[in-house]
Every structure is written in structure tokens, then in C-alpha cells.
Amino acid sequence: MSGDREEGAQLNALKRWAIAAGVLLLGRKRRRPLVAEPERLVEAGQPDPRAEWLVLALLLGAACAAAGFIAVYSFNHLEHQTQYLGLALGLAFALLGAALGVIGKRLVDDEEHEEEYPLPRHPEAEEEIAQLVQESGDRFTRKRLLLAGGGTAVGALGAALVVPALSLGPFLDTDPFYETPWRRGRRLVDEAGKPFLLDEIETETFYTAYADRASKEELGSPLVVVRFEPSQLHLPSQRRDWAPGGVVAYSKICTHAGCAVALYRKPTFPPVEPGPALVCPCHYSTFDPTRGGNVIFGPAGRPLPQLPLYVDPSGALRARGNFSGPVGPSWWGVRMRKPSTGPST
Amino acid sequence: MKKALATVAVALALPGAAGAQPGGGASVEQGKELYAEHCLSCHGPNGSGVTSTSHPTGALGLHGLGPPLKGVGAQAADFYLTTGYMPLQDPYDQPRHTQSPFNKQEIAALVAYVSSLGKGPPIPKPEPKRSEISRGLQLFTDHCAGCHQVVAEGGYVPNAVAPPLHQATAVQIAEAVRVGPYLMPKFSEGQISDDELNAIVAYVEWAKHPDDRGGWNLGRIGPVPEGLVTWLMAAVVLIGVCLAIGRRAHN
Amino acid sequence: MGRAHAQAEHGAVDVIRGVVRFVDERSGTAPFLKKALRYVFPDNWSFLLGEVALYSFVILVGTGIYLTLFFEPSTASTYYTGTYAPLHGHEMSVAYRSAVDLSFKVRAGLLMRQTHHWAADVFIAAIVLHMLRIFFTGAFRKPRDLTYYIGVTMLLLALLEGYLGYSLVDDLLSGMGLAIGYSVAMSIPFFGANLAALIWGGPFPGKPEFWSRMFVAHVFLLPVLIGTLLALHLFLVAARHHTQFRESRRTTEKTVVGIPAFPGYAPRSLALFCSVAAVLFLLGGLVQINPIWLWGPYHISQGTNGAQPDWYLGWLIGALRLVPNFDVTIGNYTLIPNPFWGGALFPLIVFAILYLTPSLERRFTGEYGFHHLLDRPRDAAWRTALGAALFAWVFVIFLAGASDRVFVSFGVSYQAQIWVYRVLVFALPVAALVVTRRWCLALQESDRIHRRRELAEAEARGELPQAE
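Line by line, the protein sequences are chains A, B and C. Convert by adding 867 to the 1-based position in the first sequence; the result is the number in the working numbering. Convert by adding 95 to the 1-based position in the second sequence; the result is the number in the working numbering. Convert by adding 1 to the 1-based position in the third sequence; the result is the number in the working numbering.
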């Protein structure tokens, strides 16, 4: 019996397909019903053939410019290629934009319409939502306690999820900020690794020195070295022996905002010119190298850390110890400790 | 006769002893006259210098202040005179690049005179090579960019201007490095060898016409002019476009 | 010919019908789309400034994606062997080298790099202009205060995004700027160093991973954040409809008058997009911006004179230069390092004022209701005057940041400028407040006189004023 029903069903399906095909093929030429034109949604307006031609011209222009871009791009190397590319692409967009602008202003309806502002609020819906939430909680007898528990759980879980962020850096450990590669006996070397000899250091100029066998890109490594006649130096009393032969060395990293103190001001004729100074180009913090690097102008809040020096038997300049203070910009603990020598040694 | 020959020999040797420009005795004389007229009041007789303690103002015709010139040599004299740094009206002013009141011949005379005041370095002869601009950039950034800006557009050093270097000739650049004029450090051969100096000169020469492939270069001093273009060009144009679009065609 | 034309038109309409039906059957959104297409845009040029920002953002994302396909965000050391002679043999990071290669080797690379950078500058300028319009017309009032908060947040994120973007290149100028950012982080009282250590992975210049962090923040995290907020911002604008000026009798707190999105506004908006794209690509090709090959790579021991941040951070460099030299200390504890005032507190105050504006306005005007109609700036004298004062304050500090170039170009003493600015920082906002308020009140008075004269003239002509 089911087999018969199946066959019957199949025949029916076949019949339906045939009828559908017939309708499809024959119904193609079906005309639209003759009813009145529906009410216009967009205001009727006058055509503007001139505007259309203008739009066409602009569109063609845009196409040419874009083609020009492709053409310029296809060159392996062209003098001023970037300029031509920018001109072509910019022009293509500009012309397309102009075409759209003409369409907007002359070829489509831009009559003003009015519209109601939406309702400021929906009190019933708001009330229903509030009611929904409230009624859902009817079965809870210890709402506050559970909320507190929920808050604790979510808070703890949130904290747990955030905690791995601490792996980004040494969050609690601020020891690295005090570390520099300098210690007693470390030699001063130049960019190429050649040691500085006392006799080679001249007055009226400045040198950039680094810690021997340490990374040059460590904040504590670069120094600016200048030389004065010992009579010109007025270092603090405890630093009297920090300047062999009048040579002084300071951290090259500004204590204000960490830029390199890359300027040196040297008076040719002291009676009319400002005194010698190390200056930072970022905010013009100015440090006096004859007086222990103290700030004489600009926003730095701390003097430039000075490195004590001595001369070894071969005549090379070496550090007598670490800086007078931590290098680089200030932070909470910058005055709490003296700098230490880093593990990179 | 011998005495005359000896005098002539001495007269010829004197400029040689100064180790300075060829010029001969006549130049030195002219130089001395020019010096007396334009330089003496600040630099003192025979280039001995004038500090406020060395002479009271007005005495011996000395009105200004100026460093001694003994031993500065042709190098410094040539630098200060060809750039127009000197003569300087007010000793407290910063010497700036100006049109020199002297012509070439007068400058040569003054240079000869100043060289004769004591043995000093001659005018350098830099030989910049195009192949060295890479090394030059490295050296320039290390020693010069802090004041003069990395493409030599000039900069501020407290109380003074480190001038842009576009007008500087190769000789003037070399001289300035060795002389250290005004507040500039003085870099001798021990610190910057002649070879390295050539590289620096090569770079500065190149920096007068650097690679501006990005278009109109806005002065190569960074974001300040870029911000001006953003506001005074782009914003103005785009506001104009908004005005054009925002108004209706038929009101 | 006409019949074929008509048939072609019918064909076109049928295609549109087909598409609309396809979409509607699968999403049910035809009523919504119809409403959206007839959404009414009040017509004023100043309402388009937000769109300028939006389109700049689109260009930023487009050019940014392109750059990401070439840029290598690595601080590994390498030596330059490319075609640009002055850098030959120089040691630099891979990041810097890939940026130089983008500018020299990749065809159209420099165009994309420069367009991207110009787009960032213009993006933030457009946001600022848009925000000024919002502020001075009172558009931030309820129900649009949430939209406004989102907008201010986007401004903040855009500043950070731009800073990270140009710092990624690791050139000498931006490297100096990164060191300053590090110092500002360090200067935060109590935990500044800890925060800096976390972000950088230790003291400056930090671990190589810091570059990965900057990169992922700049190309993914911040754009997604800004994009999401932008979508929310636009949704809220549309959901509450746009504000409008009181231009005619038809514009009221109940009815918005303007041009429908389709067909009226669509071509104009598209034209605006094309204009923004045109301006940005023209700038990108024709006007040099950030020629990093001239600056050279960053090394901590190097500096150049005249280093400046991009314009939108100029207010911060001005502040950092103006603050006198003191660290606030208590014994050995450095409570407030110097950069904190200019680098952290100053922007904090400005943004706090921006965020508090809607609630302060409500408090002081007593108006807690909805506002759909905009004020002309003159009609809200206090608001306009206070806004002018805040703007003057920020602007004078911004100007101070360029005082070294002013000295080099015009000879005005740097020290003198700093002192003048230190006085102006206090005096100018007060002056701006007083003058602006007086000016607004004067304009209001002149408006009143004008209206009275018009009424009198209408009466004299026998035209009685219409009953409301």
C-alpha cells in the first residue's frame, strides 16, 4: 500500500513540475496589470541633460586619471613616481567626487522632508524589563548575599585573568632602574670600542663614551665627556678626585625625559658668552659640567649624574665607581638609592 | 749689500714664518691698516685681545671686547671674515652670517695680517668625496646634529642659534669644525681626523640638496610645518568641500 | 529606441527588486532599510565634519593594511645595504630598515606611507573640529551625552594610536619621542616606574617584545576598539536622529527637517568621501611628510635639534617645556617627578573637563531634559566663553611647544618666550573668557535689535506677523 502511495506521490510531484515549467515558459510574456501608478515616494523633478553630460565628463576624467595611475605604476622606476601616483589617484578621486557632487546637487531630488524625532523613552517597555528582572528573582531569599558572592567570584576571576599581564615586565621589581654597566675599573671606550686615553681628551670639545664590553643601547652606558682646566672646575667637595686632569664624565641621558644630551655649549670668549653647558635638545634642560651637572636652565628636576673617573697606568680613563645618582628620568625611588652595577657584567 | 740681502730675505721670510697665505709683505701692511680701522677697538693692538679688565673703556681707542688673535692663524681669520661673522657691531651679539664689508682682496690682507701675529693653522683644504656621505652622516649625527639638526637646518642652543649650513662652503665647514666659533665646540685632528672631516663636509654638501622624493619638502624640520599644512591646507580645503556640499542647490 | 530604453530601465529596476528581495528574505530587514534610506539629514556644512573624520579613518585603515603587509616590527639589529647612499652600512633596527625600504623599494610604498601619515594628521584635526562644533552648539546634551562620551574616548584613542604609529618606525625623531613617553609614564606618582617596567619590559629602551606590543596595539587592538566605538557612535547618532539648528518654523524639538539619505544625501556623502580621499592621496604624493631616511635610525646616545612630536601632541611638548624645574620630593621619596605636570596631569585635566561637560552643563543650567535643537554659540554665552577659555589655554601651551623654531626663524629670544608663555597660560584663558562672553552678549543684543527692526518694518508695511 505504501508503495502505491509513493508512486502516486511521485506522479503528483512530476505533474506539479510540468505545470510549473509551463507557467514559467508561458507566463514570461505576462503583462503587468493595468493599475494606476502608485503614489510617488520621491518628488518628480526636471531632467538636466547638461548636468548629465558634465557628470559623464567627470566620470570619464576620473577613469582616465585612474588609468594614469596604473600606467605610472607600471614603470619600474620613474623620477618623481610618488608625485605622479599621488596626483593621478588624487585626481581620480577628486573627479569622481565632483561627479557625485553634481549628481547630488543637480540630478537627484533634495527636497526637505520632515520626520518626527523618535520617542524620548518607552516607559512601558522600561517598566516591563524592570519587572521582568524583579520577578525573576522572586525565588531568591538571600539576594544580597548571593550578589555579594557573585561579585566576589567575578571579581576574583577577573583578577585571575588579568594577573598574567604581570609577565609583561618586572612589575614589582624596580632594581633594574638603578642598574648601570659601570663599576670600578670599567674602561671608557668610544663608538668603535677604542679606549679613551687621558692625553687624547682636549678642552673645548665633547666626547661620547660607552662602557667597555656592555651594550651601547643600555640607558646607563653612554657618557658625555668634557675637559676643563682644573681651576675652572667647581665640583662638590666629595667629588674632588672624580676628575683626573680636569676630565669630567656625565650620563648622556637627560634626567628630565630621557633624550640624549647631545648639545655642548663652549664659550670662545667667556667675558661676553654664556658659560660651558651640556644641553638636551628635547626641552632644553641645561646642565653645568663644571659644577657637578646641576641644572641651570630648563625643566630637569635632577642634576646630570656624574661618573667618577681615574687614569690607569696605561693612561686610559676608567670609572672609579658608579654614577652619583641613577640615570635617566625620575621616578618614585630615584633618590632612595645609589646606582648599582647591572648583571650584564 | 749683504745687509740688504738679509733684510730682503727676512722680509720675504716673515710671511712664510707665519705659515699663512701667500700675500707678501704688502698684504700684511694693508691688513694691518684694515685691522686698525675695523678690528682694533675690540681685538686690541697686535691682536692682544680686550677683556674688561685689560683696559678701561675708551683708553687707546678700545671700546669693545674681543678675544686675542695671536696664534689663531689664517684658518680662523678666513672663517670669520668670509662668513661675515666679523666685524661684529656689538661684542655681546652672536656673530651671524652676513655680507662681509670687505672684498676678497681685503679679506686676504686681513688674513695675512692675523696670521702674522703668531703661528697658527692654515686655511684647510677639504676634499669631500661623494662616496663618504654615509660615514659623514654618522659623524654628523654624533657630533653636530644636536645643535645643527640632522639635515643641517639649524637649531637652538640656549642663548644662541646654531645656524643652518646651506650657505656654508666646504672650506668654511672645515674651518668651523676646527675653529669652534662662538659657542661651538672645537674639534681638532685628534678627535675628528682630516679624513673624517672630509666625510662630514661631503655630508653637509649633500644635505644642501637631500633626497626629497616625498614631494614638497616643507623645510625638513619635522612635524611643525606638517601640522601647518594639515590645518591651513587640508582642513581649509575640506571645510570648503563641506560648505559646498552642505548648501542646497535651490534654497 | 525609447522602448528599448524603457525596457532596459525595467530590467534595471528588476535587478534592484531582485537584490532587495534576496536581502529581505534572508534578513527581514526591508522595513528597516526603507526607513534608513529615508532617514533625514539636517543640512548644515558643520554637520559634515564628523564624516570627514570617518572617511579619514577609512583611508587610514586601507593604507594601514597595505603598510602592514610590508613593515617588519622587529628591533633586531641589521646593517643597511639598500639604495639610499647616506644610510649605507649604518646599523639600524629591522623595523627602521623595512620602513626605509617601504619608502624606496616598494612601488607606491612611499605614497601609501605618506597618505597614511597625512590621514592620521587630518583624522585628528577633523575630530577636533567636529568636537568643537558639538561643544559650541550644545549637541552633547541629553540624549546625546553617551554619544559624546564615546566621541571623546575615540579622540583619546586616536591620539595614542597616532603616537604608536609613528613611533613604530624607530627613526631618530620618534625614538626621542618614545623616550619622553617613557618618562611621562615613569613620572606617575608611586607606581610610575612599575607601570613603565610592565609596558617596556624593563627600563628604557626595554625588551624587544615592546615592539611587538606597540605593533599589535597599533594595527589591531586600537583600530578594533576605535572601530567598535565608531559603530556604536554612529548607531546612537542614527537612533536618536541628528540635531538641528532652529532654522525655520518647521524645525522644532519634535520634528527634524532635512534631506533624506536616499537619494538626496547619498551622493553628497560619497562625494565627501571622494574629496577626503582625494585630499589625502594628493598630499600623500605631493607633500613630503616624515622623511625618515633623513633622520636616520634611533640610538639612545644620539639626538637631533628641532625634534618635535606630530601636531596633535604639540600641546604636551609645550607643557613639558614650560613647567619650571622641580621634582616634588618628601625626604627621599620623589612624589611627583617633573614631567608629570605637563605630560600627564595637563592632558588629564583637559580630558576630565571634556568628559564632565555634559554633567556640568546640566548642573549649571538646571536643564535636565532632551535637547534636539542646537544653540548658536552666541546664545549660550557662558558655555561658549568657557569653551573658548579652555581652547585658549590648550592653544597657548601648544604654541609654546614651537618656540625654539620661532627663535631660530624670527630671532625672538627663547627664554623671553618661555616667560611670556608662562604668564599667558594664566592670563589668556581669563581674557578669552571675559572677551568671549561679552562678545556673545553683544551679538545677542544685536540679534534682538535686528528682530525688533524686522517686526517694526513688517508692521509698517501692513503685514501683520503670523499667529504662532
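Source of the hints: derived by calculation from the structure; they are not laboratory data. There's no promise every hint is true.
[Unchecked claim] With a straight-line Cα cutoff of 25 angstroms, these simulated BS3-like cross-link-like pairs (lysine-lysine) come out:
# : chain 1 : residue 1 : chain 2 : residue 2
1 : A       : K1133     : B       : K199
2 : B       : K199      : B       : K127
3 : B       : K127      : A       : K1133
4 : B       : K220      : B       : K281
5 : A       : K1061     : B       : K220
[Stated by the list, open to error] Okay, the calculated bits of chain C under chain B, using three or more residues with CB under 8 angstroms as the criterion:
#  : segment
6  : 43-56
7  : 89-102
8  : 230-241
9  : 262-274
10 : 290-301
11 : 393-406
The beta-carbon is built from N, C-alpha and C at its ideal position, and this holds for glycine as well.
Right, here's what the structure says about each hint:
A C-alpha spacing of about 30 angstroms is found between A/K1133 and B/K199, which places the hinted pair above 25 angstroms, so the restraint is violated. Distance hint between B/K199 and B/K127 is fulfilled; the C-alpha atoms sit about 16 angstroms from each other, no more than 25 angstroms. With a C-alpha separation of about 30 angstroms, the suggested pair B/K127 and A/K1133 falls outside the 25 angstroms cut-off, and the hint is violated. A distance of roughly 18 angstroms separates the Cα atoms of B/K220 and B/K281; the hinted pair therefore holds under the 25 angstroms criterion.
A hinted pair counts as satisfied when its Cα atoms are at most 25 angstroms apart, and A/K1061 with B/K220 does not qualify at roughly 28 angstroms. Given a C-beta distance limit of less than 8 angstroms, the hint that chain B covers the segment 43-56 of chain C holds, as 8 residues qualify and 3 suffice. With a threshold of 8 angstroms between beta carbons, the proposed coverage of the segment 89-102 of chain C by chain B holds, since 3 of its residues qualify and at least three are required. For the segment 230-241 of chain C, the stated coverage by chain B is not satisfied: 0 residues place a CB nearer than 8 angstroms to a CB of that chain, which falls below the threshold of 3.
Check on the segment 262-274 of chain C: 3 of its residues sit with their Cβ under 8 angstroms from a Cβ of chain B, so the three-residue criterion for coverage holds. Check on the segment 290-301 of chain C: 7 of its residues sit with their Cβ under 8 angstroms from a Cβ of chain B, so the three-residue criterion for coverage holds. With 3 residues bearing a CB less than 8 angstroms from a CB of chain B, the segment 393-406 of chain C meets the requirement of three and the coverage assertion stands.
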